[in-house]
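Enquirer: Sequence:
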Amino acid sequence: MNRTLLGLVLAGGRGTRFGNLTKRIPKPLLPVAGKPLIIRNIDNLRRAGVTDITIVISPDSEQVRSVLGNGHTLGVNLEYVVQTDHLGTAHAIGLARDIIGDHRFLVCWSDNLTTYALSDLIDNDRVFPADGTLAVHFTENPRKGGIVITKARTITEFEEKPEKPRSNLNLAGMYILGPWVFGAIDKTRLNSKEGEYYLPDAFQIAVNDGLTLNWALVGDWRMNVNTPEDLLVGNARLLENDGHTTPADGSYTIMKPVHIPSSVQIGHGATIGPYVSIGEGAVIGDDARIADAVILGGAVVPDAAEIDRAIVDIDGTVYAAQGD
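Numbering (the numbering used here), first residue to last: 140 to 463.
For the record, the hints were derived by calculation from the structure and aren't laboratory data.
Remember, it's a predicted structure, so these values are computed and weren't measured experimentally.
Treat the hints with care, as some may be off.
[To be verified] Listed next, the in silico EDC-like pairs over lysine to aspartate or glutamate satisfying Cα-Cα at most 16 Å (straight line):
(1) Lys395 <-> Asp348
(2) Lys174 <-> Asp381
(3) Lys283 <-> Glu298
(4) Lys303 <-> Glu279
(5) Lys162 <-> Glu201
(6) Lys174 <-> Glu302
(7) Lys326 <-> Asp348
(8) Lys162 <-> Asp199
Could you put the whole structure together from the sequences, leaning on the hints where they help?
Expert: Spelled out as structure tokens, the structure:
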């Protein structure tokens, strides 16, 4: 087996819960605290020493390829695979088998937001060798996603949205796998209800076949971005760590933490913050009040507008958070 660890980023999701917003901008390119979701994950891979990365995109997210290109400006080498049919995460990973070859690889979701360093996952995998190492995290609602049953350092069972959970450890969307996973995917049956091939089903097949899958606990903050509410929660959390702003000139008020590039025009009497990210070239009108929001690059916020817990698109459309 080749010892070079490759990267794989799954970016083929349709982002339907964002409505018309993701018809114009693929979800992986939505900004959080001034940086697109997918670039945050690529940066995490690069910092961990993983620089040869394949991205799985859908036919309607070719914009991802046009924005990221070959990845050299990000310090990585990017290749792309197109998932023409939305058949789930196991299917998406299977499409990369020719590129992965005999390498081990680290796969992550493009809509993952976390302060967890992927280098920690790699270190765990080296210290406790196994066929695969899967990141997991504690969840308050184990009925909502895929949970794992463990014995010491290994995972013995996987359950998807169980009625009576036997664990509160949830899969965290960051895994170190080997070429063995492609054989397990080939054996995975289509979920008739969802019409997808589930990755946890492939993992269970691998365990049943005698492979050892270890778990690594994500002690840091981590979430998936599936809705406008999620995007705003993630934006606020990351701004607490790395928000910055253009110095105020006295004609408007800034309440930190915020992310405001120097190209943003801010009107007289405007109040911005806290927890606001504004994209390049946006215009904020006089006396506008903005809090807990993401304003996309090039958007124009009218005079005296009040924006709270919402995303503002370049055409002025406001996507309000609905909560859970």
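Enquirer: For the pair supplied as a hint, Lys162 and Glu201, is the alpha-carbon distance within the 16 Å limit?
Expert: holds, 12 Å
Enquirer: Between the alpha carbons of Lys174 and Asp381, is the straight-line distance 16 Å or under?
Expert: The given pair, whose Cα atoms are some 11 Å apart, holds under the 16 Å limit.
Enquirer: Check whether the Cα positions of Lys395 and Asp348 lie no farther apart than 16 Å.
Expert: violated, 53 Å
Enquirer: Assess, step by step, whether the Cα of Lys326 is no farther than 16 Å from the Cα of Asp348, and give holds or violated.
Expert: Measuring from Cα to Cα gives roughly 11 Å; hence the hint holds.
Enquirer: Can you confirm whether the C-alpha distance between Lys303 and Glu279 stays at or below 16 Å?
Expert: holds, 14 Å
Enquirer: CA of Lys162 to CA of Asp199, is that 16 Å or under?
Expert: holds, 8 Å
Enquirer: For a C-alpha distance cap of 16 Å, please report whether Lys174 and Glu302 respect it.
Expert: violated, 37 Å
Enquirer: Given the proposed pairing of Lys283 with Glu298, does the C-alpha separation stay at or below 16 Å?
Expert: holds, 11 Å
Going through the hint list in order, the structure does not satisfy hints 1, 6.
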